[in-house]
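Given the structure of chain E, go ahead and fit chains Z, H and F with the ligands onto it with the hints provided.
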Amino acid sequence: MKSSVIVFPGSNCDRDIAKALEKMQFKNQMVWHKETDLPKSDLIVIPGGFSYGDYLRSGAIAGKSLIIEEVIKAANSGCLVLGICNGFQILTETGLLKGTLLRNKNLKFINKDINIKVINNQTRFTSKYKLNQILKINIAHNEGNYFTNSTHLNELKNENLIAFKYCDEKGNINNQSNPNGAMDNIAGIFNSKKNILGMMPHPERMVDKFISNTDGVNLFSSILH
Amino acid sequence: MEITNTIIEKHGLKKEEYESIKKLLKRNPNLLELGIFSAMWNEHCSYKSSRLHLKKLPTKGKQVIQGPGENAGVIDIGDDDAIVFKIESHNHPSYIEPYQGAATGVGGILRDVFTMGARPIALLNSIHFGSPNHPKTKSLLNGVVSGIGGYGNCIGIPTVAGETKFNETYNENILVNAMAVGHAKKNKIFYSKAKGVNKSVVYVGSKTGRDGIHGASMASAEFDENSEDKKPTVQVGDPFTEKLLLEACLELMKDDSIIAIQDMGAAGLTSSSVEMASKGSLGIELELDKVPCREENMTPYEMMLSESQERMLIILEDGKEDYARQIFAKWDLDFVIIGRTTNTNKLTLKFKNKIEGEIPLEALASKAPIYNRKWSKKKISRKKLDLKKLKKIKIEDALIKILSSPNHSNKSWITNQYDQMVMCDTAQKSGSDAAIIRIHDKNKAIALSVDSSANYCKSHPITGGKQIVCENWRNLISVGSKPLAITNCLNFGNPENEEIMGEFAECLEGIKEACEFLKFPVVSGNVSFYNGTNKKNIYPTPVIGGVGLIQNLNKTLSHKFKKEKSIIVLIGKTFGHLEQSCFLKENYSIIDGNPPEINLINEKNNGEMVLKLIERKLVLSAHDISNGGLLIALSEMSMGSNLGIKIEKSKKLRDLKEYFFGEDQGRYVLEIDEKNLTSVEKFLKSGSIYYEIIGKTQENFFEIENEMKIDTNVLYKANNQWYNNY
Amino acid sequence: MKFSVTVVLKKDVLDPQGKVVQNTLNNLGMSDLKSVRQGKFFEIEIDEQDQKKAEIKVDGMCKKLLVNLIIEDYKINKL
Amino acid sequence: MKFSVTVVLKKDVLDPQGKVVQNTLNNLGMSDLKSVRQGKFFEIEIDEQDQKKAEIKVDGMCKKLLVNLIIEDYKINKL
Ligand SMILES: Nc1ncnc2c1ncn2[C@@H]1O[C@H](COP(=O)(O)OP(=O)(O)O)[C@@H](O)[C@H]1O
Ligand SMILES: [Mg+2]
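Residue numbers (this note's numbering), protein chains in the order written: chain E, 370 to 594; chain Z, 23 to 748; chain H, 336 to 414; chain F, 336 to 414.
None of these hints come from the bench; they were simulated from the model. Where a beta carbon is used, it is the ideal one built from N, C-alpha and C, also for glycine. Treat the hints with care, since some could be wrong.
[To be verified] Sample of chain H residues lacking proximity to chain E, with all beta carbon distances greater than 10 Å (derived):
#1 Lys337
#2 Asp347
#3 Asp350
#4 Asp385
#5 Lys413
[Stated by the list, open to error] According to the in silico footprint, chain E covers these stretches of chain Z (three or more CB under 8 Å from chain E):
#6 256 to 262
#7 503 to 517
#8 734 to 748
With the rest of the complex left out, here is chain E (with noise of 0.2 Å):
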């Protein structure tokens, strides 16, 4: 299967995924955000990071690069595309992801492993996953805290386009298991085809067990099926 890597000036996570992809046997390529056209892939990845320093809001900018048109382009055709973090960010500053990420409840950046339910396992992203099952991932960002208005949030539930939720290690979600705030516990969301995810946590950080764990391989593994 054959991936790409959007790097964006201030991406700092784009050789960790680049990485996790080639281990889980992608070909990858990495594209600079300056590049007007994608090469023909079957997955578009938008790492995390700090694009353009987060400066204005966070993934505003690269949500105006010229790469996004594209981008956009082919989610529309179908394309596979996961946004991480910074990327999540981005996907919603384009419009490819309704809602937006706050600033962190407690107004730190928060950077731990925390854990996550699969609530969607009937995807082309997690299908390799079982249903509520429990991941431990990493997650490391300012502005995690999921908000969407009520139409939306009501779409997401009935169109079951959750994907992850904060969760404690026994799998309860409630504020206690919620580290930034985010509306509904919501760590990650598709939008309504389903081609596109967007999360907070870190998979690429969970798939090398002298690192952390091996949470996150079954992401990737799910999508080369």
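Structure of chains Z, H and F with the ligands alone, referenced to chain E:
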């Protein structure tokens, strides 16, 4: 403009120094030249008070590729890999504006590392604050922590270890020391020495603004009531631009276009151009009209002394200009040829086709003043503290008291604000004896730790100096690494004060002895004097940053207990030294007496033995014993798991508090699988290592036979509340 | 010509920053405080003498980049 | 009573945010743009009828929390 006494004083220069400037120039300097002298001759850049002492440090070893004298030290870690690292202080700026001060401190030290061709792979920090009750402490702590995180997180380099301490001595003068560690290919190290005449001198990075003018002089003076006036010199960090600069520099370094490269740190364009040219015994000529400026109408004086961040100076090979320019354009960075190297041995500054300043380089560098400042030996009290009259306290209560104190509380409130995982090579994060960072795409790793002990150094500078080196060494050993080399940041008070200078000389003597004995050379460092306000100086606070090598990632260790029923072995002799201990400090508010002695022979033997046992996979977990003594070390191994320990009270125990809280040096706790005990004991005996078997791990309870038994959760809770309630 | 642009979150959007600021101020003893909302402020200078035209340009900048219209409202003022 | 507070970086202080915004707007083809500086904006409502007193209170909030006086300037306006 006439150079008056007030102007000279404002530039931090002494009368005699001004006289030498006139002699060296054979005329009066103009204001621009005076500014340049003041920048180069201040303590921060010239090391005039410390140089004679620093010379004594051991800096050689077969692992050393580059010792002190470059932007950072470089060591060999086998194959074609090298590690580049250095620590630096940003104390004064962080006190004035904690967020930006700390952030730019991180930015500055990162540039020192990537200028040498290394990709930064880890950040560490040592931060010291005043008493938690001091009205400023809380906001300083918040600002510094978010500044460190703000910069490191944005640029995408994991912050993996550090230390945070509170002590009244820092009430008016906090310490913020940042260390950066990078990885380079051995044959691709870049240096700052210029070579060749008429080569292009290129300015890259951010534009120059009026920020930070005279920052280096600020770092070389005491604070007083008027320090507030110095506020306009605050610099704002721009980690996004630094990320671009990092990537652009590394891209250009793939090829061999660069003759020499130097970041613009303290004293900006002045020190970078002077250093490159003087190291190469060349001259340098700059056309200041070409310097990219952020503000209108900037003067040569402002351009030369600005400390705007995220800038570099590069000397390029002939004909490489366009190639290099393209790379910087790709990263949206300024790239301007602002001058040439010359054979005049002078710094020549042109502006609007006029020579505005010309100074022989040796006057700025080799002929800068060096002082052999007076220093006096510390008077050491020989009297033992009388501890017999102390009110009795239960071991359990003393333990909880220490674990819940600000200095010992779990630091995750801080470390959760740092991205520790980005780059995906962090095999062990902060909270352990040493962080472990894998060498990308390889199975080997380095271990990293920073350490200091201001109370020890204050009461007995020589022992304190030795102790911090040894503690650092023990931390590196405990995770299974072979200690290779250190960097050091020497935070002291006013060097013009004999006692302070004595603390400096003696701490350095201690560092030297320990480094020599352990073959643990110093490859880089930084000196920060004048830490104090109105004649109140901080305690001597040298900080050691050490790097160790792990050949095989399979053989690393954490300090957490792994399973029940394993045997707990205490390595090293316990004498029960309580003077200067946490036990006395936290329970009785006594900070007195001498620190525990350092026996370098034991230190070395014990450490090498522990490392050998770890390498043979005979150890399940290991932890060095430092502040707080044995019981604290054991609790740290237990907390966060449901595994505790049952300590069998041996008859030998004279005094429980001495045994459990004494801070005798050179000791480790090892968790050994029962089945390996015989082979471990064999090794220990063959090496004549003193050891005691003190008990076994067990589920759920932390217990000393017939003395205390508490739920391991109680320890955890005690240890995890302070920051969250502060 | 110089303009200021103020950007604030829409009424129904949660404002975590404003909330924390408000709590902190309350804790600092400022009890009369009723509400705080935090937003952004821009000072924009453009090379255009005609005020109408200039305003249209600034408005374009807001719509294109400065403001996330889904969650934010904005106001332009001539300085 | 309602006030607005605008906070901007002092004149000579680097404004990395404004710089990036300005570059982006230029790249988006807004060539007349001369400069952008980015700051903060607060909308504060307090329970105090006397305008003088209210202003003093808001000023206190600025000094105590909202503004970093070392690098920022601020302005208070009644809304
Ligand atoms: N305490 C020290 N021990 C060893 N070397 C030191 C020490 N302090 C400074 N040095 C060395 O002196 C040189 C100049 O240091 P410094 O002026 O801090 O560098 P920079 O210009 O990069 O800020 C560096 O090579 C540094 O490693
Ligand atoms: Mg340097």
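Against the structure, the hints:
1. Lys337: 20 Å, holds
2. Asp347: 7 Å, violated
3. Asp350: Its Cβ does come within 10 Å of chain E, the nearest being 8 Å, so this is violated.
4. Asp385: 26 Å, holds
5. Lys413: 22 Å, holds
6. 256 to 262: Result for this restraint: holds, n = 3.
7. 503 to 517: violated (count 0)
8. 734 to 748: Our answer is that it is violated, as 0 residues pass the Cβ test (under 8 Å) against chain E, missing three.
Checked against the numbered hints given earlier, this structure breaks hints 2, 3, 7, 8; the rest are met.
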